[in-house]
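Working from the sequences, and respecting the hints, build out all of it.
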Amino acid sequence: MIKNSLYTLFKGTMVVVIVMFSILGVFTENTVANDYPDDEEILALIEESLELIYEKGIITDNDGYFLGYDKEIFVKNLKKYDGYEELIQAFEDENLFVDIKK
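Residue numbers (the working numbering): 4 to 105.
Think of the hints as simulated: they come from the structure by calculation, not from any bench. Be careful, since some hints might not be right.
Below are the DSS-like pairs computed for lysine-lysine, each with C-alpha atoms no more than 27 Å apart in a straight line [to be verified]:
| no. | residue 1 | residue 2 |
| --- | --- | --- |
| 1 | Lys-59 | Lys-82 |
| 2 | Lys-59 | Lys-79 |
| 3 | Lys-59 | Lys-74 |
| 4 | Lys-83 | Lys-59 |
Set out below in structure tokens:
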């Protein structure tokens with residue numbers, strides 16, 4: 004009898020805990036979503052940056068070896084986004100831009 008009572012109490016407690024965590028999960032998810040209202044712009048900046056890093060902005064030598072990145076292409080393509088200066092500065096700090104005379 005005591006065993007059945009403890010089992011029933013345990014089941015009831017688990018149901019209450021599951022419901023509370025479900026409510027807290029929904030509340031937390033909505034709060035986090037409201038903290039970042041410019042997600043679409045950030046994702047667009049990331050997408051454009053990756054395209055430049057792996058395709059458009061890369062400079063290689065005649066043998067195909069990586070030399071660095073073209074700063075002009077990065078600035079031209081990223082200047083439409085807020086905060087692009089931070090990305091440009093990070094590349095400059097790491098000396099990733101190469102000045103090649105064409």
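Would you mind confirming whether the straight-line C-alpha gap from Lys-83 to Lys-59 stays at or under 27 Å?
holds, 17 Å
Lys-59 and Lys-82 were given as a pair; does the straight-line alpha-carbon distance stay at or below 27 Å?
Holds, because 15 Å separates the two Cα atoms, which is no more than 27 Å.
Taken at face value, is the distance from the CA of Lys-74 to the CA of Lys-59 at most 27 Å?
holds, 11 Å
Quick one, are Lys-59 and Lys-79 close enough, alpha carbons at most 27 Å?
holds, 12 Å
In the structure shown, no violation is registered for any of the earlier numbered hints.
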